[in-house]
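For the sequence shown, the positions run 1 to 132 when the numbering used here is used.
A couple of the hints might just be wrong.
What the hints assert, rightly or not - Label-pair distances were calculated between CB atoms; the ranges are:
hint : residue 1 : residue 2 : range
1    : A99       : E16       : 39 to 49 Å
2    : R102      : S27       : 27 to 37 Å
3    : R39       : R67       : 39 to 49 Å
4    : S27       : R76       : 28 to 38 Å
5    : Q57       : A94       : 35 to 45 Å
6    : A74       : A99       : 16 to 26 Å
7    : R53       : L93       : 14 to 24 Å
8    : A94       : A38       : 11 to 21 Å
9    : Q57       : R90       : 29 to 39 Å
10   : G69       : R39       : 35 to 45 Å
11   : D40       : R67       : 33 to 43 Å
12   : R102      : Q57       : 15 to 25 Å
Bear in mind the hints are in silico, worked out from the structure with no lab data behind them. Keep in mind the model is a prediction, meaning the values are calculated, not measured. Backbone N, C-alpha and C fix where the C-beta goes; we use that ideal spot for every residue, glycine too.
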Amino acid sequence: MSLPVPAVAATLAAPEPLEDRLGEVESSLALLGSALRARDAAAIDLHAGDLHRALAQAVDAFASAARNGRVPPALRTRLASASGQVAAQRESLARATAALDRAIDVLLPRDAGLYSSLGSAERSARTGVVQA
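Given only the sequences and the hints, what does the whole structure look like? Please build it.
Encoded structure:
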């Protein structure tokens with residue numbers, strides 16, 4: 001006995017929005033990665049915003065599909081891979097920020113006095129380093 005045509009169409013159409021949303025996330029990740037490598041601040045800002053929107057839409061689409069049990073295993077694997085890439089980019093940015101903060105602290109001490117009673121430059125205990 002075959003399924004009625006509407007049920008077949010609904011089953012086949014379900015992964016397409018997920019595929020589209022995941023493709024947008026992957027594309028945004030690639031563009032952001034290129035902008036990060038090029039150290040293009042304007043492109044980083046643009047693509048980070050695009051990635052944020054794409055991730056929000058993908059999460060909504062996957063949550064809806066998961067409630068209905070329609071998330072294909074291949075798309076779950078791709079989503080997990082994209083999640084790993086986001087985490088890697090976040091970690092890379094955190095390390096770069098920490099290195100920049102250390103360099104700024106060495107070059108521009110944060111306290112008002114340039115020298116301590118011992119004659120050497122004092123550095124502030126607060127560096128602004130982000131810890132995950």
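Problem set entry | Hints violated by the structure (listed by number, smallest first) | Numbers 4, 5, 6, 9 and 12 - these are the hints that the structure violates, sorted from lowest upward.
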